Amino acid sequence: MSVGIIMLVHTAFDRAEQVARHWAASGCPLVIHADRNVPNATYRKFVNALSDLDQVEFAKRHRCEWGTWGLVAATQEASEIMLKSFPEVRHVYLASGSCLPLRPVQELIDYLADRPQTDFIESATTADVPWTIGGLDHERFTLRFPFSWRRHRKLFDRYVALQRKVGYKRRIPNGIVPHMGSQWWCLTRQTLSAILTDPERATYDRYFKRVWIPDESYFQTLSRLYSRQIESRSLTLSKFDYQGKPHIFYDDHLQLLRRSDCFVARKIWPFANRLYNAFLTDAAGAMKRTEPNPGKIDRIFAKAVERRTRGRPGLLMQSRFPVEGRENGLTCAQYSVFEGFSDLFENFEPWLAKVTGTRVHGHLFAPERAEFSDGQTVMNGALSDSAKLRDYNPQAFLASLIWNTRGERQCFQLGPRDNIKDIEWQLARDQNAQISVISGAWAVPLFKSNMNFADIRQEAALLQQVESKHLDVLRSQWGKARVRIWTMAEFIEAPMEPLQTIIDEIGKQSVHGLAEVPKMADLTGFGQFLQNLKNQGMHPYLMGDFPVEHRLHEPQGQTRKPYLVR
Amino acid sequence: MVSLLQSYAMRLRRKRHRVRAFRKHFSLKPVVDRTRKIRSGDILLFSTMRDEFVRLPFFLQYYRALGVSHFLIVDNDSSDGGREFMADQPDVSIWTTKASYKGSKFGVDWLNWLQRKYGHGHWTLVVDPDELFIYPFCDTRPIRALTDWLDTSQVKSFGAMLLDMYPKGRIDEVRYLPGQDPLEIAGWFDPGNYVIEKNRQYGNLWIQGGPRSRVFFPDRPKKAPALNKTPLVRWDKRYTYISSTHTLLPRGLNLTYDEWGGEKASGILLHAKFLNTFTAKAEEELQRGQHYAGSVEYKSYAEKFQDSPDLWCKWSEKYINWRQLEILGLMSKGNWA
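Protein sequence lines correspond, in order, to chains C and X. Here the first sequence is numbered in my numbering, starting from 15 and rising by one per residue. Here the second sequence is numbered in my numbering, starting from 791 and rising by one per residue.
Hints may contain errors.
Computed Cβ-Cβ distance ranges for the label pairs, DEER-style [what the hints assert, rightly or not]:
{"hint": "1", "chain 1": "C", "residue 1": "Y173", "chain 2": "X", "residue 2": "S943", "range": "18 to 28 Å"}
{"hint": "2", "chain 1": "X", "residue 1": "S943", "chain 2": "C", "residue 2": "G371", "range": "38 to 48 Å"}
{"hint": "3", "chain 1": "X", "residue 1": "D881", "chain 2": "C", "residue 2": "E94", "range": "45 to 55 Å"}
{"hint": "4", "chain 1": "C", "residue 1": "N62", "chain 2": "X", "residue 2": "A799", "range": "53 to 63 Å"}
{"hint": "5", "chain 1": "X", "residue 1": "Q944", "chain 2": "C", "residue 2": "G181", "range": "26 to 36 Å"}
{"hint": "6", "chain 1": "C", "residue 1": "R178", "chain 2": "X", "residue 2": "I1110", "range": "46 to 56 Å"}
Facing chain C, according to a computed beta carbon distance under 7 Å, are these residues of chain X, among others [claimed, not checked]:
{"hint": "7", "residue": "G949"}
{"hint": "8", "residue": "N983"}
{"hint": "9", "residue": "V985"}
{"hint": "10", "residue": "S1122"}
Since the hints were made in silico from the structure, they are not lab data. The model shown is predicted, which means the values in this text are computed figures rather than measured ones. Cβ atoms here follow ideal geometry from the backbone N, Cα and C, with glycine treated the same way.
From just these sequences and the hints, can you work out the full model?
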């Protein structure tokens, strides 16, 4: 009793020959089918090259285009030859010319000899599996597909849409239940011959000829009718990308393939010399035994699909430049924006850095330069502090900064004096942004300044206008950032509570609560200052209500003991 | 309707470039023509050069190792022996011209002609002598693995951003010797300060940034040189490069990036421009005025290098391998595993 190999070949004939010899050397008879599209000369040369092997037959050539009936017809014909010419064959293994046996062939023979009644064929109903190309699962069995998906995609799609619209449905014959799965199977003589000699075969063939990708469903469906014992998995390792193309194995996959628990792998790049040399040797050298770990192979290829379809969130680069709405994260990590805090607190930045252990920048969007932490002129990623470079593309500046500092949370200050117009929408839309605003705090530096009052008045009017518009943006219904806004009056009422909330959310701080509090600016006379602005006709409202005599709210630096939350 | 008109305008533009290439090709005189050696399926490299002798030995060695089968070179009147050196190589075909570099659209017309004549049906790589092509798995897989994979994926063009490499210290400090790996000297790059904009007209991305933006153009970022390139194309005689290898027609070839959140596979051109040879070159180019936009780039270099000829900064990154560039997000494996 032995294993017969059916080999479908369409290219890389030298490799196919090499593999055929390898199978034959272990006493496996072969039936080889070559695609009709292969030039006659090439084909004849291939046949001649294998003429010294007596256990090799060649099947009549069919045209095998991807996803068409030709592949099934070729397989049927080759199977018939196999069953007829090699009566001692018990299992038939369907392989391709770019398949490579990973384990000694004798192991496969022994393995199958121990399971004489088992059919190894991946076979699942459409309801159970997500692998579908072009969004067609059950419909591939109920619609018609006269146009090539590869060559006439538009026609293909339109014809499908039309059939859906009219509600056209093909009848599935004899109530068979369509199953799908990998086209690389290993069936017993009993099952295979039952399929091929079924009195209804003409009906099934007629039906499957018009099914889309029949090579993944013909044997998978019909074996369900006859098999005594199906093990629904393929003995061939084959990984598919998001378009349904098989992944290709190269020399650098050698260690990975050694860890596979499959007998055969596909597809192998024809020039992967190291792989062919490593696996097509005698049994002794073939398998440097390593513990099988197919999960590792799965992970690598699943990752590749993920990278191609979802990419790395927050990364803008030469081959990933999503249109608006498809960014899957405008930045790659969470960060915090503080507005008004460094105006209200004298030592806010160093304090925040100390309490949270994050990277705290000054006003990154200041008109003069990007105020990186510690006065640096260049930041991670060789990002320059030049205002012109930054303002040339502020979105890219922000995305780069967050990307370059992956693993370290970034915090920065923002305010109405900054160049915020081109960045505020991006901040508001970014779900990674944690934005905390003390509105009206920009008045504190004016209050402390030594400017002429007329200039102060003008500046205050401008800043109020800018911040008011900015708050509208932050409150917009399109916003995704976590935004918290307090008026200044509200905030100084109980400053530690909001600070604690923000810092808890950053989630870096020690469990003992805020041991130290930032020092608030001395606001004695601030109420009067606001009143003066009002008296000059400029009504500051963003900071909330400050009574002229501000005894109640007056915050205390050293005079009062700082209060702690928790 | 508008898009139809646009398509037609693009078609005309493509044809005009092909006519230009035809006109300009008369100035090309073959020095050695070994193109009969080209076999179907060969990967071909096209390049223009002028006085690059010192770089050529390593250039050939690098690309031969990747699996380039034939080099098609246009020599723009070299006087340093580079032409003779190349003519002696068994896998090089070389043409020479004294015509203006600027007048041929910075070599584009010449190469368009050669690609049309010899590149049809081949994968063609267009790089300058100071550019080293890096792609995913380039340390374990030859370039043929990449092009085969692109073929099965039905992809016709492959993008590779230009990454400016520079030394630590003054660029004129260490002398580059023939045959030496230029990255031994210019081994540093800017890892994360690039800006991208989409070019609506041609559909390609316009990428700027890196040390040239940071040091030479901090006040005029718009003027900074473009870094997006599409050097590897499965050529068809109807294709044409429009401006250097930044832009191609038909426009579909420029779509080397994904717009739906995913990443396509892409590579990098390590640009070992800033070696000790640069200062002399910059001066000469300035004299000739044969470069893009009135050689504004070279003017800026000349000014800057007088006082601070160091491009290196604290956050410069030392080049290790392609995986490093992948992790940094400068290139991507995409779907290739």
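Structure-based check of each hint:
no.: 1; hint: C:Y173 / X:S943: 18 to 28 Å; verdict: holds, 25 Å
no.: 2; hint: X:S943 / C:G371: 38 to 48 Å; verdict: holds, 45 Å
no.: 3; hint: X:D881 / C:E94: 45 to 55 Å; verdict: holds, 50 Å
no.: 4; hint: C:N62 / X:A799: 53 to 63 Å; verdict: holds, 56 Å
no.: 5; hint: X:Q944 / C:G181: 26 to 36 Å; verdict: holds, 33 Å
no.: 6; hint: C:R178 / X:I1110: 46 to 56 Å; verdict: holds, 53 Å
no.: 7; hint: G949; verdict: holds, 6 Å
no.: 8; hint: N983; verdict: holds, 5 Å
no.: 9; hint: V985; verdict: holds, 4 Å
no.: 10; hint: S1122; verdict: holds, 5 Å
Checked against the numbered hints given earlier, this structure breaks none of them.
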